[in-house]
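Asker: Construct all of the structure, not just a fragment, from the sequences and the given hints.
Residue-level listing of the chains:
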Amino acid sequence: MYALPSPPPPAPQRQVLVGVSLAVAAAVMMAGSMLAVWALQRREAIDFEGSWLPDGVTIPEVPTNVMLLAFIGLCVFGQWAVYSANNDDRGHTVLALGCTFLVGILVINAQAFVYTQMGLGIADGTYAAMFYAITGFFMLLMIAGLLFTTVTAFRFIGGRTADRELLVAHALFWYAMSAIYAGIWFLVYVTK
Amino acid sequence: MTTIESTPEAVVAAQSGADDDAVTWLDRFIDVFTSTDHKVIGRHYFFSGLAALLAIVVINVLIGIERLDGTDTVLDIEVIPQLLDAQRVGLVFGVMLPLAMAIAVAFVPLQVGSRSIVFPRLAFAGFWMWLGGAVITVVALVNNGGTLGGDSDMVDLFIVGLGLMAIGLLASAGSVATTILTTRAPGMTMRRVPPSTWSALVFSLGIVLVMPVFLGTLTYLFLDHRNARTGFGGNEGILTWAGWIFTQPATFLFALPAIAMLVEIFPITFGKRTPARGVMFFGLGLVGLAALAGVTQQNLQNLPWSGSQLSTSDLDEKARDLVPYLIFNALPVLGVLLVLLVALQIARPTDGMKVNISPAVFFGFFGFGMVLVGMLGNLLYAIDDAGVQGTVFEEGSLVYIAYGAALGAMGALVHWAPKLWGRTINSVVAIGLAFLGVAATILATFPLYIAGLLDQPAGVAYDDSDLEIWNILSLVGHGLMAITAVVFVVVMLGALFGRHDDDGVGDDPWSGQTIEWATTSPAPRDNFVDVPVIHSAEPLLDLRDAATAPTDGSAS
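So the protein sequences, as listed, match chains R and Y.
Residues in the first sequence are numbered consecutively from 1, following the working numbering.
Residues in the second sequence are numbered consecutively from 1, following the working numbering.
One thing to keep in mind: the hints can contain errors.
[Said to hold, decoys possible] Some but not every residue of chain R turned toward chain Y, in silico, with C-beta under 10 Å:
1. Gln15
2. Val28
3. Ala45
4. Tyr132
[Stated by the list, open to error] Computed, partial: chain Y to chain R, Cβ under 7 Å:
5. Val61
6. Leu181
7. Thr182
8. Leu209
9. Pro212
10. Val213
11. Gly216
12. Tyr220
[As the list claims (entries may be wrong)] Okay, the calculated beta carbon distance ranges per label pair:
13. Val139/Y x Ala182/R: 37 to 45 Å
14. Asp47/R x Ala458/Y: 27 to 35 Å
15. Asp55/R x Asp316/Y: 38 to 46 Å
16. Ala182/R x Gly494/Y: 53 to 61 Å
17. Leu454/Y x Arg14/R: 51 to 59 Å
18. Pro54/R x Val489/Y: 21 to 29 Å
19. Phe282/Y x Val66/R: 44 to 52 Å
20. Ile65/Y x Gly121/R: 44 to 52 Å
21. Ala123/R x Thr73/Y: 36 to 44 Å
Bear in mind the hints are in silico, worked out from the structure with no lab data behind them.
Beta carbons are placed, not taken as given, at the ideal position from N, Cα and C, and that holds for glycine.
Answerer: Structure below.
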């Protein structure tokens with residue numbers, strides 16, 4: 001057995017932030033790969049069939065644009081929570097997290113509205129299967145984000161106000177989600 | 001001041017937490033299969049990977065028997081597509097990935113001086129998801145699923161199984177990467193981490209980048225196959241769209257921990273510090289470039305220049321072909337050569353050099369060599385003029401890398417067995433197995449290279465009876481690999497469960513240089529009582545040098 005010197009008290013390790021960063025990187029990679037395959041299939045469909053969007057299907061643009069604007073709010077509220085925590089303002093931190101949660105619900109609601117308005121069946125062809133795959137993955141991420149926000153909020157309500165790293169990770173998650181949705185918005189909803 | 005005060009016996013007693021008589025077999029079973037100790041999770045990955053190796057070697061033997069006569073079928077023709085699927089999926093997701101993950105999960109926290117792996121439940125869940133996915137994949141293949149399967153539901157199940165394995169490996173990789181990035185011992189900068197830890201970091205970050213791309217493609221494939229079946233070519237489209245993960249160069253990434261075993265063990269063998277650590281890290285990082293093949297979903301960056309076009313005309317077009325070929329295929333090979341260069345520098349004879357041969361060095365060296373030959377084969381495979389695309393040459397390259405990675409993982413298990421079980425494996429048997437393993441690998445794969453150059457098509461059928469001899473040799477090689485795998489598992493189980501009259505192997509049986517050898521054998525659940533401060537890349541060598549310097553000035 002070797003006698004190596006003992007260390008001083010350990011420095012903060014930022015495990016949650018690093019872990020969430022890796023998770024976010026994985027989510028961005030998955031969304032990116034799905035968008036890349038989407039673009040490839042779209043190009044092939046236009047080359048061979050003349051169009052990608054199936055006949056009779058219309059994308060409701062208002063809710064998709066509202067979702068994009070909502071992500072600006074999500075980023076602002078996420079950063080507001082970090083700012084408030086850094087100023088030891090527990091009330092505003094919880095308020096910011098609550099706003100984040102509500103806007104997240106808004107996005108899910110808007111996506112559900114898009115589904116109902118488009119009236120597309122999942123078995124209606126390649127476009128439909130891919131559309132539900134990519135937006136379904138996005139919805140899964142939104143639900144994960146809402147759970148993240150809820151857990152973070154309850155930790156602050158419960159008094160663990162020193163856990164600012166968690167808030168930074170939370171904000172990072174919503175920034176990444178904004179980037180993912182921006183990609184979906186442009187490729188799926190705008191270029192169609 | 002001391003890192004560990006307790007004896008191995010006391011550690012084992014403390015881990016059990018109660019008198020042995022009061023602990024039932026059920027308690028032990030539950031403890032083993034629900035433990036979030038990274039060493040236990042790593043052991044699960046090891047034994048599952050070795051079990052998969054056994055199964056895949058048997059499948060390779062069956063494929064070899066089928067190839068003995070290229071014009072006639074020995075097995076039921078209906079099962080051949082499933083066997084070929086099982087071989088490819090099994091070599092990558094059953095053997096290479098879990099064995100690489102085993103090295104990372106079991107030993108990296110010990111090497112960086114961490115008390116545990118970060119997010120241990122995530123790593124734990126990752127293993128069980130991978131195992132569940134593996135079982136589902138096997139069930140699907142047995143019931144006529146797979147890329148050429150005839151049962152639609154089983155094809156869907158096959159995709160689900162692949163996805164579950166990918167999610168599990170992704171979870172464990174995230175846990176490993178976070179551990180390396182956040183819980184290194186004080187003073188252990190990234191330049192001071194051991195080679196295996198660095199390779200585990202590159203490997204796990206590569207998995208974090210590559211597996212989501214695979215998952216995204218699988219999601220499309222599943223939904224399309226389940227519903228429309230118009231956009232992705234049905235079940236045959238699985239290999240078209242997701243086949244890049246089952247072949248080179250993506251597999252280079254999965255062999256990375258095995259590649260690093262050479263530079264992990266050589267400094268211990270030759271009693272030296274590792275020179276040019278930056279070059280070694282750069283080399284291992286270059287191998288990690290194979291992840292690019294994954295994130296871009298590419299499986300072949302070929303050089304499509306036929307002989308008549310070997311001229312200086314169309315240089316722009318040729319450069320466009322050459323650049324991706326070099327980035328995806330040649331740079332990882334360059335990385336391996338840099339690692340080899342550092343290893344040779346370590347092994348260069350010097351005055352007073354004492355060689356401390358351990359059985360792991362044979363596994364490490366042979367595994368490294370086999371992976372390198374597989375990578376070189378892939379360099380040739382991508383050149384159109386070589387005329388080997390669509391032949392069994394590619395299978396030879398894959399099996400070289402997979403068997404080489406398995407040999408490297410066996411070396412890791414032999415090397416670090418004292419930290420897992422407090423025991424070593426019989427050196428003579430282990431060295432014999434290393435030689436048998438490398439002979440088996442060469443015999444199983446090199447004939448496939450030759451058969452590929454002689455235009456034997458991929459699959460099991462061929463017309464030219466002159467090719468039979470190469471397929472017989474390959475079959476013998478797979479048979480020898482089966483013996484290697486069986487004996488290795490038996491020897492490991494014997495070391496784990498057999499009776500031992502000795503008093504243990506000691507904390508540092510190989511005169512190691514890194515801090516995992518500072519704790520007891522086996523390592524306690526929390527790895528270290530006090531996490532030590534690190535002042536160099538070889539802290540234990542520093543201690544030995546300091547201890548011997550005042551007396552005779554030579555290294556012990």
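Asker: A separate judgement is required for each hint: does it hold in the structure or not?
Answerer: A quick look at each hint next to the structure:
1. Hint on Gln15/R holds. Least Cβ distance to chain Y is approximately 5 Å, under the 10 Å limit.
2. At its closest, the beta carbon of Val28/R sits 8 Å from a beta carbon of chain Y; the interface hint therefore holds under the 10 Å criterion.
3. For Ala45/R, the shortest C-beta to C-beta distance to chain Y is roughly 8 Å, which falls under 10 Å, so the interface hint holds.
4. Of the supplied interface hints, the one on Tyr132/R holds, with its beta-carbon coming within about 6 Å of a beta-carbon of chain Y, less than 10 Å.
5. Taking 7 Å as the C-beta cut-off, the interface hint given for Val61/Y is violated, the closest approach to chain R being about 36 Å.
6. The criterion of a C-beta within 7 Å of any C-beta in chain R is met by Leu181/Y, whose closest approach is roughly 5 Å, and the hint holds.
7. Hint on Thr182/Y holds. Least Cβ distance to chain R is approximately 4 Å, under the 7 Å limit.
8. Contact between Leu209/Y and chain R, as hinted, is supported at the beta carbon level, the nearest pair being about 5 Å apart and thus within 7 Å.
9. A hinted interface residue such as Pro212/Y counts as satisfied when its beta carbon comes closer than 7 Å to some beta carbon of chain R; here the least separation is about 4 Å, so the hint holds.
10. Taken as an interface hint, Val213/Y checks out: its beta carbon lies about 4 Å from the nearest beta carbon of chain R, inside 7 Å.
11. Given the 7 Å rule on beta carbons, the hint for Gly216/Y holds: about 4 Å separates it from the nearest Cβ of chain R.
12. For Tyr220/Y, the interface hint holds, the least distance from its beta-carbon to any beta-carbon of chain R being 5 Å, beneath 7 Å.
13. A beta carbon spacing of about 40 Å between Val139/Y and Ala182/R agrees with the range 37 to 45 Å that was offered as a hint.
14. For the pair Asp47/R and Ala458/Y, the supplied restraint of 27 to 35 Å holds, since their beta-carbon distance comes to about 30 Å.
15. Under the hint 38 to 46 Å, the C-beta atoms of Asp55/R and Asp316/Y, about 42 Å apart, fit the expected range.
16. Remark: the range hint 53 to 61 Å for Ala182/R to Gly494/Y is upheld by a beta-carbon distance near 58 Å.
17. The beta-carbon spacing between Leu454/Y and Arg14/R, approximately 57 Å, falls within the hinted interval of 51 to 59 Å.
18. Restraint check, Pro54/R to Val489/Y: a C-beta distance of roughly 54 Å breaks the suggested window 21 to 29 Å.
19. Between Phe282/Y and Val66/R the beta carbon distance is about 48 Å. The supplied range of 44 to 52 Å therefore holds.
20. In this structure the supplied range 44 to 52 Å holds for Ile65/Y paired with Gly121/R, their Cβ-Cβ distance being about 48 Å.
21. At roughly 37 Å, the beta carbons of Ala123/R and Thr73/Y sit within the given window of 36 to 44 Å.
Hint check: violations occur at hints 5 and 18; the rest are consistent with the structure.
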